[in-house]
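Each chain, letter by letter, is given below.
Number of protein chains: 2
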Amino acid sequence: MVKVVLIGNGNVGCYLYNTFKETKGIKVIEWYSRNQTKFKDSNVKISNSIEELPDADLYIIAVNDSSIIEIVNRLKINTGLVVHTSGAVNMNILDSFKNYGIFYPLQSISKKHKNTNKSFPYLLEANNKKNQYLLEKIVKKIKSNFYCLNSIQRANIHLAAVFVNNFTNHLFAIGQRLCNENNLPFEILMPLIIETTEKIKTLSPKEAQTGPAKREDEITLDKHLDILKDPILKKIYLTLTDSIIKLNEKEKL
Amino acid sequence: MVKVVLIGNGNVGCYLYNTFKETKGIKVIEWYSRNQTKFKDSNVKISNSIEELPDADLYIIAVNDSSIIEIVNRLKINTGLVVHTSGAVNMNILDSFKNYGIFYPLQSISKKHKNTNKSFPYLLEANNKKNQYLLEKIVKKIKSNFYCLNSIQRANIHLAAVFVNNFTNHLFAIGQRLCNENNLPFEILMPLIIETTEKIKTLSPKEAQTGPAKREDEITLDKHLDILKDPILKKIYLTLTDSIIKLNEKEKL
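These protein sequence lines are chains X and A, in that order. Numbered per the working numbering, the first sequence spans residues 1 to 253. Numbered per the working numbering, the second sequence spans residues 1 to 253.
Bound-form chain X, shown alone:
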C-alpha cells in the first residue's frame, strides 16, 4: 500500500484524490488545504496544519506554481518522497528534501469538466532511480502512462501545451464570437473543429495544413482582413498567417 499525503485541493488535487480513491494499492491518508470549508463531504482526514503531517511514502504538492515555495519552506519531511505537479517549475525547488521529484499530469484538468479519457500521460522526474521507480509504480496502478523527462524538456512540453490547448481554445472562442456576431450558432463549426483534430491522427500537422495562408491566396487574405474590424483579431490573423507562410517557404527550400 502506497501511503499518500495530498497538499492542495485545486483542480489537480481534487482530480488526484478522486483517482486514488478508486485505485487499489494507493491510499490518501491525509489531505491538507488552507481552506477547510470545501471538504465537508470528504472521507479522508483533513488537515490545515502543514507542519504536522503524518509519515507517508509520497507527499504530492498540488498547489499554484507561485505557492509551491511557501509549502516547501514549511514542510518537515524526513524520508518520504516529495513531488510537485507543475509543468513549469524546475525540480530543484524541492532540493532541500532527501527524496524529491515531479508528478505532472499533461492534461487540462478542471472541476467544471469531468475528464472522460484517463489515458493522458504523466511527466515524471526524480532525484534518483528508486524515487523514479515509485512514481512509475503509481502511474501504472492508476492505469495511465508516463514519460521520464528532465525539467527543461518538461518546461518545453508545458509551453507546447499552451499552444495546442490554451491558444487553440482561444481560437475556438474567436470562432464563437464570429458566429454570435452573425446570429449563427457555434454548433455550425463543431464538425470542422472535430475534423481538425481527427486529421492529425493520421497526417502530421504540416501535411494537414490547408487554407488561404497555406495557398498564399492574397485575395481571400485581403477579404478576411477587410471583414475583421477588431484590431486584436486583425493582429492575430496577420501573425498566424505570416507564420504559416514563413513555414511554407522554409519547406520549399
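It cannot be assumed that every hint is accurate.
Identical copies look the same in the list; a pair holds intra-copy or inter-copy alike.
Straight line, CA to CA, 27 Å or less: simulated DSS-like cross-link-like pairs of lysine-lysine [said to hold, decoys possible]:
id, residue 1, residue 2
1, K111, K206
2, K235, K252
3, K229, K206
4, K234, K246
5, K112, K250
Treat the hints as calculated values from the structure; they're not laboratory data.
Assemble chain A onto chain X, guided by the hints.
Frame of chain X, contents of chain A only:
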C-alpha cells in the same frame, strides 16, 4: 433523378463526385476538368470542353476561388441551376445566370485524408426559393444537414473556419516543432489536443479557457517567453496571450 454536371476535380470536386456516386437519386452525368490525365479510373463521362456541357439540373463549380470567374464567363447554361462551392466568394459572381446559388461544404476536405464523419453542414444560398429547395433536397439525399445563409454570413463563417481549423492546425504544428526540438514524440500532446475539443462539447470556449494567460500568471508567461527564441513564435505567444487577457478584462466589466 437529379442530373449533375461537376466542374473541377480538386479536393471538393472529388469529394462530391464520390459522395454522389453513393447516393440514390443523384447522377453525375458529366465531369469537366482542364486536366484529363487524373481521370483514367473514373466511371463518368469526362469533358474538357466547358462550352459544350449537356443539359442538367445542377452545375457545380468546384474550382479555386480565383478560377470561378473564368468558368462563369465561358459557361453557356440556359435553365439549369449553377452553384459554386466557395466560402469566401459572393453569390453575385453568378448573377449572369437565370438560376444560381451556393453549395458550400463547411469542412476541411482533402484527398490526403478521408473524411470519416459526413455529418458536417452545407451552407446554402440561392437566388429564389425553388433553387433553394433543390439544394436542400440534394443535401437531404446525401444525408447531411444545412444552414441557409446570405453571402455576408457565409464569408464570416469562412473566416471563423480559418481561425478554428487553419490556425488551430498551425498551433498543432508549433506543438510538434517544440516536441521535435526536445526529442519527444508529438504523440505526447495528443490526449491534451483531444481533450481540448472534448471540453467544448459541454462548456463554451470562454468557460473552458485555462492557462497562464487566463490566470494572468506573469511568472509563467515570462518563463515561456524566455524559452521561445524564434521571434515569430514569440510574437504569436504575445499576441494570443494579450487577446486572452483583454477578453478576461472585458468579462470582468
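Here is what the structure says about each hint:
Within a single copy, K111 and K206 get their C-alpha atoms only as close as 34 Å, which misses the 27 Å cut-off; across copies the closest is 15 Å, which meets it. In this assembly of identical chains, K235 and K252 lie within 27 Å of each other by CA distance both inside one copy and across copies; the values are 26 Å within and 23 Å between. Taking the shortest alpha-carbon separations for K229 and K206, only the inter-copy value of 21 Å comes in at or below 27 Å, while the best intra-copy value is 30 Å. Within a single copy, K234 and K246 get their C-alpha atoms as close as 18 Å, and across copies as close as 14 Å, so both meet the 27 Å cut-off.
Taking CA atoms no more than 27 Å apart as the test, K112 paired with K250 passes between copies only; the shortest distance there is 22 Å, against 41 Å inside one copy.
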